[in-house]
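Engineer: Starting from the known structure of chain G, fit chains B, Z, U, C and Y onto it as the hints suggest.
6 protein chains.
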Amino acid sequence: MRQKNPTGIIGLDNMLNGGIPAGNQVIVDGGPGVGKTLLCFEFLYRGAKNGENGILFSFEEDTESILENAKTAFPSFTDIDSLIGAGKLKILGSEETKQYIQKNKDDTSYSFGNFISEITSVARSYNAKRLVLDSISVIKLFITDPYYYRSLSTSLLSVLTRQGITSLITMENTSSEKANSFFQPESFIYDGMILMFFTGNDLENRIPTIEIIKMRGTDHTYNGMPYEITSSGFNILLQNNTTQRFFNVSN
Amino acid sequence: MRQKNPTGIIGLDNMLNGGIPAGNQVIVDGGPGVGKTLLCFEFLYRGAKNGENGILFSFEEDTESILENAKTAFPSFTDIDSLIGAGKLKILGSEETKQYIQKNKDDTSYSFGNFISEITSVARSYNAKRLVLDSISVIKLFITDPYYYRSLSTSLLSVLTRQGITSLITMENTSSEKANSFFQPESFIYDGMILMFFTGNDLENRIPTIEIIKMRGTDHTYNGMPYEITSSGFNILLQNNTTQRFFNVSN
Amino acid sequence: MRQKNPTGIIGLDNMLNGGIPAGNQVIVDGGPGVGKTLLCFEFLYRGAKNGENGILFSFEEDTESILENAKTAFPSFTDIDSLIGAGKLKILGSEETKQYIQKNKDDTSYSFGNFISEITSVARSYNAKRLVLDSISVIKLFITDPYYYRSLSTSLLSVLTRQGITSLITMENTSSEKANSFFQPESFIYDGMILMFFTGNDLENRIPTIEIIKMRGTDHTYNGMPYEITSSGFNILLQNNTTQRFFNVSN
Amino acid sequence: MRQKNPTGIIGLDNMLNGGIPAGNQVIVDGGPGVGKTLLCFEFLYRGAKNGENGILFSFEEDTESILENAKTAFPSFTDIDSLIGAGKLKILGSEETKQYIQKNKDDTSYSFGNFISEITSVARSYNAKRLVLDSISVIKLFITDPYYYRSLSTSLLSVLTRQGITSLITMENTSSEKANSFFQPESFIYDGMILMFFTGNDLENRIPTIEIIKMRGTDHTYNGMPYEITSSGFNILLQNNTTQRFFNVSN
Amino acid sequence: MRQKNPTGIIGLDNMLNGGIPAGNQVIVDGGPGVGKTLLCFEFLYRGAKNGENGILFSFEEDTESILENAKTAFPSFTDIDSLIGAGKLKILGSEETKQYIQKNKDDTSYSFGNFISEITSVARSYNAKRLVLDSISVIKLFITDPYYYRSLSTSLLSVLTRQGITSLITMENTSSEKANSFFQPESFIYDGMILMFFTGNDLENRIPTIEIIKMRGTDHTYNGMPYEITSSGFNILLQNNTTQRFFNVSN
Amino acid sequence: MRQKNPTGIIGLDNMLNGGIPAGNQVIVDGGPGVGKTLLCFEFLYRGAKNGENGILFSFEEDTESILENAKTAFPSFTDIDSLIGAGKLKILGSEETKQYIQKNKDDTSYSFGNFISEITSVARSYNAKRLVLDSISVIKLFITDPYYYRSLSTSLLSVLTRQGITSLITMENTSSEKANSFFQPESFIYDGMILMFFTGNDLENRIPTIEIIKMRGTDHTYNGMPYEITSSGFNILLQNNTTQRFFNVSN
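These protein sequence lines map, in sequence, to chains G, B, Z, U, C and Y. No gaps in the numbering here: position 125 of the first sequence is 141 in my numbering, and each next residue is one more. No gaps in the numbering here: position 183 of the second sequence is 199 in my numbering, and each next residue is one more. No gaps in the numbering here: position 12 of the third sequence is 28 in my numbering, and each next residue is one more. No gaps in the numbering here: position 126 of the fourth sequence is 142 in my numbering, and each next residue is one more. No gaps in the numbering here: position 159 of the fifth sequence is 175 in my numbering, and each next residue is one more. No gaps in the numbering here: position 42 of the sixth sequence is 58 in my numbering, and each next residue is one more.
Read the hints as simulated data drawn from the structure, not as lab findings. Treat the hints loosely; a few may be bogus.
[What the hints assert, rightly or not] Label pairs and their computed distance ranges (CB to CB):
#1 S247(U) / R178(B): 52 to 62 Å
#2 Q118(Y) / N143(C): 30 to 40 Å
#3 S247(U) / T215(Z): 30 to 40 Å
#4 G67(Z) / P201(G): 49 to 59 Å
#5 P162(Z) / N66(C): 46 to 56 Å
#6 P22(Y) / N143(C): 27 to 37 Å
#7 L254(Z) / S247(U): 18 to 28 Å
#8 P162(U) / S248(G): 57 to 67 Å
Positions of the beta carbon are idealized from the N, C-alpha and C atoms, including for glycine.
The following block holds chain G by itself, in its conformation from the complex (with noise of 0.2 Å):
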């Protein structure tokens, strides 16, 4: 059976049956505001402390932000800086990520020509087992072509799986909501989906939601747990009721 190294994040690896495959390729699928970044962020620094390295590419936010924002959203980890001292945790902003794509001349779209290949080697170089990609829509909102946008991410996907990296890449949904929510195509080939999303209505109490759509190489659940985000990382609240696994294997 594959390896799997838990992810760390509380409640995760117990939906996960232990964690994700090593060597997944994983859509984190969510509306704005559902916390994507974070749990990606979460994701990469669990890692790290475990020994595995990982790295971070935004085309969201410059480098200071996510940092910010990490440390706002989670005052326990202390040790950020630290990590990425000791190089165990690297993240690009979207100005750093930017210098591997070009403007067109028609000064409207982007070439993502080396875009791959210059971020692997990036990745390669930090001996990263852990990657982030924050997100795959911005890329999508600047490729006019739909063709070349998914010749891209299947090269994406392919390279990195040759790597041998464990990525989370955030897909934005137009909605924050399930029931309004469609599968992008291009995210059938991905090895694995998890959705962020919210249940309940506008003016009571609103629960945001993680859900594994699809993982490949592990049972998984696959009903709806509450989270919350605490000042530790995720907290998923595994419901009873809702645990059972997608496979009835005892593995």
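Structural biologist: Positioned in the frame of chain G, the structure of chains B, Z, U, C and Y alone reads:
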């Protein structure tokens, strides 16, 4: 009446009044994570044990990961490797499958010119009676011309039919609830359609459900049936009140 | 008043106040697996036994499979082959039908230039009074120009009408629930429309339902009626509370 | 106040507070099979008996079938032929109507260049006071340029208005439930809109319903009214609780 | 604070906390038959009686029919003609209005090049303080380039604002239920939006309802209010429980 | 942790756990008439009184009308003019703002070439710490190329961020009910998103509601809160049962 070999999947043959008619080309339609690939794998596995060679062409995963995922889901299938060794079961991952297509000059779409003839000759060389293509949605992703795609889809259908091969062809659905599902027009021409989806709501216990939408050449049930994935394969739970066949024929 | 030969399908003639008016071109609209092809087959079979020759042009299945499926569904129809032998029933599978169209140079669409004149001359050569085209949706799939398709659709209609042939033309619906069904604009010009769909929900007992949406030249019911497919043909279960005719005419 | 001749259709004149104002161009919008053509026919028939000549231009049926359908629906209309003989009622089927349009070279769309001037001159030659065009949706099907269609639609409107002709122009709706109906933007410019649809659900007794959406130049009810089609014409069943007029005017 | 002249429409001024601020350009949005044109006519009529000249430009009806419809709806408005005679009220039907546009060579779209300058100079020549354009949707129907239309819409807005004219501009909605209504992006730039629609269902008593969506420069209610059209004008029935203003300001 | 200056808007700072983090670029999304412009105005007004200069660029209204509307809504803001006089508050209406764009030759779209650099230099010249752009939807209306628009949107974001300016950028929503709202993909890249909408139904008392969808760099509530607009500014009514923060952090 057309010959029907049991698929060997518990419950499915009962829904199908014996099995899938030999030579039917069947779409397996469902959202991400419902277990389409695993169902198709068991279909090949049961055939291989039963004297019907099977071959799987994947555009989604490499061979190793397909096998790992299957072994993880079905620990009781201890003879997968020996069946492969004996040439009764053949798994071609995305790398191998992609040999049969070429990237077009425009670098965004692909050419499937000889794809069909090549995979059928491969299938023939393995004396395959069962074939799985996982998934036709990925092919669709990379063909820019919808008419070319439809034309390819028809050719695939008629070539496989002429070969007398029984196939399961997966189709990714953008939703995992049936209410939000619409059938793709190109699926109309296939001999059968099996839909896998979830019932129930997000936070309560959701129920994986399988329904036979259409199956030429045999009577079948037309209600959804709950299923679970056990260590020894799929287990479709026939509901007495819903096992009514479409035809009220005793044959 | 126009002559109406009973279709011979139990319940349908009652819904139609006697039958389909001779020379009507009627769309049979429904999702995959509702039994459109079987209904059309019985329409031809009943005609053939009743002195009205019938011919079926299929774009979806080959001759052999059409016959197998019909015999599987309707074991009591023991004289299908003798009717064929007697030239009263003619089935042209996709292979034969496709002789009448040509693939265009662009290799993705098809040319239906002489299609209509050819199939009508074939129909005439068999002295056919009833004709089935299964399905016009496949034709639509392979015509790139919507206006060319509509133009073809109109010509088909007027040629068949001129021939005095009564036709059922199947149209695939992307949903099998009526709530999600929309009528195709090109179906407006036809003389009649019969809709087949399912009522009820996924996990409870669903009910196959048939409704006459429109039928020129005769009164008809306008509610949905449940149906079952028995070994001796369709059985439409007239509901007393819903057999009210559209016209309150006794004729 | 504008002159209003009663349409002669039972209940409709009451809904219209007397009738359709002379010179109004009115859209009759509804799904297939709701009886639009029959309503329009009765409108002409009642006019003809009442000293207002009427003419019908059809793109959907040939003359013979229009007459047969009308006679089948309305057996009490025993004087249809004599009214035609007397030149008070004129029916032009699709064959005759299509004389006034030309197929374009591209062979897929049609040219309606002189269509309007020709049909109005025909109408004038018959001294027609009432005109029916069945249906404008077919015209739309065959015009490739939406702006050309809209422009044609406006010209038709103003020419007929200038002639002082009162017209009913049918428009096919892709749904037969009002909830799914949307008004076509090009219908905004017409003087009136009458919607015909079904209420109730599939398996219970459905109710054919007619509603006056808009009618310039007269007060009218604004609720839906059930109707039935009897041997002696439409019978609209006014509901006391819904006969409230839009204007609370006694005139 | 900006000057507000009462519109004179019963209930509307109360909803508007006094009236429409002078110089506001207001969209009146609603489905066919809700009474948009009549509301606009009363707006001009009340202004004319009150010393504010008004002018109406119609793309939908000719002058005569506009006046007939108004007189039919509002029999108590006995002085319409004298107001027109006195130059206080000016109605330009579609014929006159269309003088200000030219048909393009392509014969399908129209040129509105000088339209705005011309109608504003006409308005000025009548010393109009109130203006109605009925409807901007017809203009949209005949402009092929959406950006040209939006650009025209902005110019219209700024020119009328510069003139200090208060305008009601009707916009046709494809639905007459609010639930199905979406606001057109180009309406965002206007100073106000009034929505007219129906509540209630098809067969029971439906309720014509008016709601102020937006009104710059004044406080207003934000709930829908039922209205009726009486012989002496609109009567908006203020509901105590819904007359709460948007601002809780006493001014 | 990033510095947070209170917005000064009652309730909002509490929802934001102190305020908007300095340098955040925030989308204010809502349908017409929900009060977006007034909220933004108060944001600038409170800043100006608090030592943070503010500037507003409008594409929707002229300066005079913006000020009138604000004074009408907020009669207690008696020192608006003096703040403007003191250079602490700067309002640029559409006339002034449009100086910074050019109409393209095609006369339908606009060029925003130097727009961003110009408005930021203007902002700098006023030493603005707070900036409002009302609305980006109007910019979108006039840019024909979606990729150019997105590219502009990104540049705007990064330039303002580099300036350390805190901005509110309004985005018009085509619906005023949240259920019908979808987030624009281009809004994903912003640091925050505030949604304003109505709850409740048409004829009963509707409730203006504000919700913080996303806010980088601070904890915040994630439920909708009712608000009212009083003579002395917005008053957001915190609901005890819904004031739970997204992060359970005390910081």
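Engineer: State for each hint whether it applies.
Structural biologist: We went through each hint and held it up to the structure:
Taking 52 to 62 Å as the suggested C-beta distance range, the pair S247(U) and R178(B) conforms, at roughly 57 Å. Separated by about 35 Å at the C-beta atoms, Q118(Y) and N143(C) satisfy the suggested range of 30 to 40 Å. Against the hinted window of 30 to 40 Å, the Cβ-Cβ separation of S247(U) and T215(Z) comes to about 32 Å, which satisfies the hint. Between G67(Z) and P201(G) the C-beta distance comes to about 53 Å, which sits within the given range of 49 to 59 Å.
A C-beta distance of roughly 55 Å is found between P162(Z) and N66(C), which places it inside the suggested range of 46 to 56 Å. Between P22(Y) and N143(C) the CB atoms are about 51 Å apart, so this pair departs from the stated range of 27 to 37 Å. At roughly 22 Å, the beta-carbon separation of L254(Z) and S247(U) lies within the given 18 to 28 Å, and the hint holds. Between P162(U) and S248(G) the CB atoms are about 60 Å apart, so this pair conforms to the stated range of 57 to 67 Å.
This entry does not satisfy hint 6, going by the numbered hints stated previously; all others are met.
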